[in-house]
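Once you have looked at the hints, place chain B on chain A.
Residue numbers (the numbering used here), protein chains in the order written: chain A, 1 to 109; chain B, 1 to 419.
No lab work stands behind these hints: they were computed from the structure. Quick caveat: nothing in here was measured; it's all calculated off a predicted structure. Some clues are possibly wrong.
As the list claims (entries may be wrong) - Computed footprint of chain A on chain B, listed as stretches where at least three residues anywhere in the stretch have a Cβ under 8 angstroms from a Cβ of chain A:
1) 5 to 12
2) 33 to 40
3) 229 to 241
Said to hold, decoys possible - Far from chain B, some chain A residues (derived; all Cβ distances over 10 angstroms):
4) 36
5) 55
6) 81
7) 88
8) 97
9) 103
10) 104
C-beta atoms are modelled at their ideal positions from N, C-alpha and C, and glycine is treated no differently.
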Amino acid sequence: MNTDNTRAQMRKGILEYCILAVLSRNACYAVDIINELKKAEVIVVEGTLYPLLTRQKNAGLLSYRWEESPQGPPRKYYELTELGKIYLRELDKVWGELVESVNQIRDRK
Amino acid sequence: MKKNLDINIAGQLFRVDEDAWEILKHYLDHVSARFRTEQGGDETLGDIEARIAEIFGGGKEPPTLVSKEMVTNMINIMGAPEDYYDDGPASTNKKLYVRKSMYDPNSPSARFGKALSEFFRAFGKAMSAIFRVIAIILGGIFTLVGFLLFFSFVILIFFNNVPFFSSVMEPEMTNVHDLLGIVLSSNTVWPILLLAALVTLLPLAALTWLGIKLIFNIKERFRVMSIVLFVVWIASLCALSVILSLQLSVYSNSRSVEKRLTLEPAPKTLWITTMKKQTDLRYDKHASVEDYRFFVDGTSNRLHVSADLNIYGSENGTGIISVERRASSNSDSEARTNARKIEYNWRLSGDTLYLDEYCSLPAGSRWNGSMIDIDVSLPEGTEVRFLPGISPESLNFNVYAGETPSWKIEDGYPRPIDD
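Chain A with its partners taken away, still in its complex shape:
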């Protein structure tokens, strides 16, 4: 049985959480976020990121500033808002509980 679809659903569920996690360390522009997510194999194509960033920014979790680029158009540098930081702390807690719950289920003899 092919596990690709299940893996995709799992990734989709945690993608927004991962974006907030990346941005919690420092302000990044989209390609920095993509590179980190690609390295962790959480994301495959870049186009996926942009609607999610817009949605999170419109929800007040992110803000951005413009910076000149050495190549191409100016870049948007995203960072967490205060609301985003609170939201991330909530998600950290939920994720910890989820992992523990899954581990308990998986490891139960």
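Quick look at chain B alone, frame taken from chain A:
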């Protein structure tokens, strides 16, 4: 040969080859359709375009040439729009998308499209060539007609007394200055000629210029000069109309004074001779229009006008001679007074009619439509003969055509007869 297109992505200029543009346009349309209706969709589209520009290496001078391979690589990086929300097994959808969007120049639809494109391109070129030929032909006609008329009017108005031209022109045209000096006040002749020149020559110059523009495909438009010339033309036309109206108003009312003589019995032959002859006149200026001849004697300041003789068949068998002095003025009474002032002598003695070849106006009088009409009605069978040495032409005899000096009234009209 393939074309390169210059396009703008996120404010960056790129040069894209034709094949690459087909794929890129399809991709961007697809992405746009995906986000267009969503909240914040425009911002997402802007972010995606900015990233595409970055992938293509925007901001370089000269602009980066985007190839088909670069577009394919960009799509591999960005993914198909279908993958954006679903980060699942994207590779399958992506391949499907790319395959669908690929432009295949050998497909029947592509070939048909190319054939149609070539046809309309050739059709457009052919139509353009046809319109150009028509423009050149019309331009040639406009230029030729405009220039010839311009040239003719310039000669007519300004150079009509030059011997070379006057030898090939009608007398009325050669003497147009003198004729205007007789018909109008002499001090208005040159203003009228100048205004007439502007009114006629400006449109002819414009016609010639239009022809030259059509021939050489000149697009330049001299708006200010055109407006100025148009205003000058309108002003000239108005001024000319006013001056001519004032000058010609003296011809508004025409009246005549007639003296009639009945021939009882009518002679079998009416002989005609003249008393005052045009050949004996001394004059400084001479002009003619139609059958009338004008002679101006500057010494005596008098104007002489040729007489006009008409002979017809009588309807009731009675012979009648009618001599009518005619003149014009602003009012009927003045016109009649002017007519009475015309000096003209004639008499009938036996069967001979004595006529002056011209009438004379009082010294200092301007021509005001003054003329003499001699109408002679004769019964059927009456002969009309001019005495030897007398020219019917000098009396503007209505049936004279240079042949015999003898006529006979037949069927109500003088017919030439052989002696």
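**Prompt:** Which hint numbers does the structure go against, in order from smallest to largest?
**Reply:** Going through the list in order, the structure violates hints 3 and 5 and respects the others.
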